[in-house]
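Peer 1: The sequence shown begins at -11 in the numbering used here and counts up by one.
The hints are simulated quantities; they were obtained by calculation from the structure and are not laboratory data. Remember, predicted model here, so these are calculated numbers, not experimental data. Mixed in with the good hints there might be a few duds.
[To be verified] The calculated DSBU-like cross-link candidates involving lysine-lysine, where the alpha carbons are at most 30 Å apart (straight line), are: (1) K57 with K9; (2) K57 with K38; (3) K37 with K57; (4) K37 with K63; (5) K38 with K65; (6) K38 with K9.
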Amino acid sequence: MIQWPEDIRIYLHREPVDFRKAINGLSVIVQDEMALSPFDRALFVFCNKKRTQLKVLYWDETGFALWQKRLERDKFKWPRQWPNNPVVLDHEQWQWLLRGFDITQLKPHKTLFYRDVT
């Protein structure tokens, strides 16, 4: 699997896209529907309707690149119920999604704040 830099931003397009779209079509979605620049230092992630495939569009300073992954037996747990489009992931959530976890169900412990020990 490709290892992207830890500091790269990761945006998921919440709704499925037509997977006949390639670099140009996905770039238009990034610009028009996600209101982002496809030239940003970021990964723009899309899924198909069946949630069995991902496409990742990114600009690598010399041109666009497109990475694709197809699952043979399972489906990606896509966060379609999140209020934001695009969905912003951190690097850890991105790895969880690729490994098949439902990132909407994974929640860390709450941060506690105390002033005194009594």
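Peer 1: For K37 and K63, compute the direct alpha-carbon distance and say whether it is at most 30 Å.
Peer 2: holds (10 Å)
Peer 1: Take a quick look at whether K38 and K9 sit within 30 Å of each other, Cα to Cα.
Peer 2: Status holds; Cα separation ~15 Å.
Peer 1: Would the hint linking K57 and K9 be met if the CA-CA limit is 30 Å?
Peer 2: Cα-Cα ~15 Å, so holds.
Peer 1: Taking only the CA atoms, is the gap from K37 to K57 under or equal to 30 Å?
Peer 2: holds (14 Å)
Peer 1: Under the criterion that the straight-line Cα-Cα distance not exceed 30 Å, is the pair K38, K65 satisfied?
Peer 2: Within the cut-off at roughly 11 Å; holds.
Peer 1: Given the proposed pairing of K57 with K38, does the C-alpha separation stay at or below 30 Å?
Peer 2: Since the Cα atoms of K57 and K38 sit roughly 13 Å apart, the hinted pair holds (cutoff 30 Å).
Violated hints are absent here; each numbered hint is respected by the structure.
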